[in-house]
Amino acid sequence: MTLMVAEPFGCIILAAGAGTRFGESKAGALLPSGERFLDVIARAALDAGAQPVVAVVPEGVEVPPAARTVRNRDAKGEQIVSVRLGLMQLVGTLARGTLIWPVDHPFVSLKSILAIVEAYRLTRAHIVLPTYNGRRGHPTFFDRVVWGELMTVESGGAQTVVRAVRDRVHEVPTVDPGILQDIDTRSDMPLGGWRATDAIS
9 MTLMVAEPFG CIILAAGAGT RFGESKAGAL LPSGERFLDV IARAALDAGA
59 QPVVAVVPEG VEVPPAARTV RNRDAKGEQI VSVRLGLMQL VGTLARGTLI
109 WPVDHPFVSL KSILAIVEAY RLTRAHIVLP TYNGRRGHPT FFDRVVWGEL
159 MTVESGGAQT VVRAVRDRVH EVPTVDPGIL QDIDTRSDMP LGGWRATDAI
209 S
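Residue 209, in the working numbering, is where the sequence shown stops; the numbers in between run on with no holes.
Careful, some of the hints might be misleading.
Below, in silico cross-link-like pairs of lysine to any residue (SDA-like), each with a Cα-Cα straight-line distance of 20 Å or less [to be verified]:
| hint | residue 1 | residue 2 |
| --- | --- | --- |
| 1 | K119 | N141 |
| 2 | K119 | G68 |
| 3 | K119 | P185 |
| 4 | K119 | P73 |
| 5 | K119 | E15 |
| 6 | K84 | Q59 |
| 7 | K119 | L54 |
| 8 | K119 | D55 |
Ranges between beta-carbon positions, derived for each pair [unchecked claim]:
| hint | residue 1 | residue 2 | range |
| --- | --- | --- | --- |
| 9 | E67 | T139 | 34 to 40 Å |
| 10 | P73 | V183 | 30 to 36 Å |
| 11 | E15 | M96 | 26 to 32 Å |
| 12 | G165 | N141 | 23 to 29 Å |
| 13 | L118 | L38 | 19 to 25 Å |
| 14 | L130 | R194 | 35 to 41 Å |
The set of hints was computed from the structure by calculation and includes no laboratory data.
Positions of the beta carbon are idealized from the N, C-alpha and C atoms, including for glycine.
When you get a sec, could you build the whole thing from the sequences and use the hints?
If you want it as structure tokens, here you go:
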């Protein structure tokens, strides 16, 4: 069941990369559970109340029916291009902000997502980031007021925007190692499946 939240927000899943080090596009790759990276993330975003969920994918990857499909034909290009393609799908919606969620972070718990969204609702920070043991992870929430900066940043992508507005960034401490679990190569894949904790500090 989808959980209701106070503020409308979207989610952009960045899944257009070629996955060269992984051996295939991670958008269509399978986790040890047998589910695709993309499906797990889309379901978590929808369960957290994101609307719309936009999946930016390469050609040939099927997107879950409840998500919007955007094709990025330059799989080897900079990730900020996918961010911009996703934002273009959100500008005409009621979304006050959006999660930006890289597909190589499929083990983030639902409670972490809800904590990020709740922190935004309470603080109205322009950017909200989860942390685990003091380290920043994914996904990141961007208020609509900084979308313009994401659309125009010339180098460094979203991280440049985060640094530029650091006084408007709010961190959400979690006990969820999934926010840091970056599946870059097959050796990063936990054997037997990963079960990130649902607890939030």
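Taking the hints in turn, this is what the structure says about them:
no.: 1; hint: K119 to N141; verdict: holds, 17 Å
no.: 2; hint: K119 to G68; verdict: violated, 32 Å
no.: 3; hint: K119 to P185; verdict: holds, 12 Å
no.: 4; hint: K119 to P73; verdict: violated, 24 Å
no.: 5; hint: K119 to E15; verdict: holds, 17 Å
no.: 6; hint: K84 to Q59; verdict: violated, 28 Å
no.: 7; hint: K119 to L54; verdict: holds, 13 Å
no.: 8; hint: K119 to D55; verdict: holds, 10 Å
no.: 9; hint: E67 to T139: 34 to 40 Å; verdict: holds, 36 Å
no.: 10; hint: P73 to V183: 30 to 36 Å; verdict: holds, 33 Å
no.: 11; hint: E15 to M96: 26 to 32 Å; verdict: violated, 21 Å
no.: 12; hint: G165 to N141: 23 to 29 Å; verdict: holds, 25 Å
no.: 13; hint: L118 to L38: 19 to 25 Å; verdict: holds, 21 Å
no.: 14; hint: L130 to R194: 35 to 41 Å; verdict: holds, 39 Å
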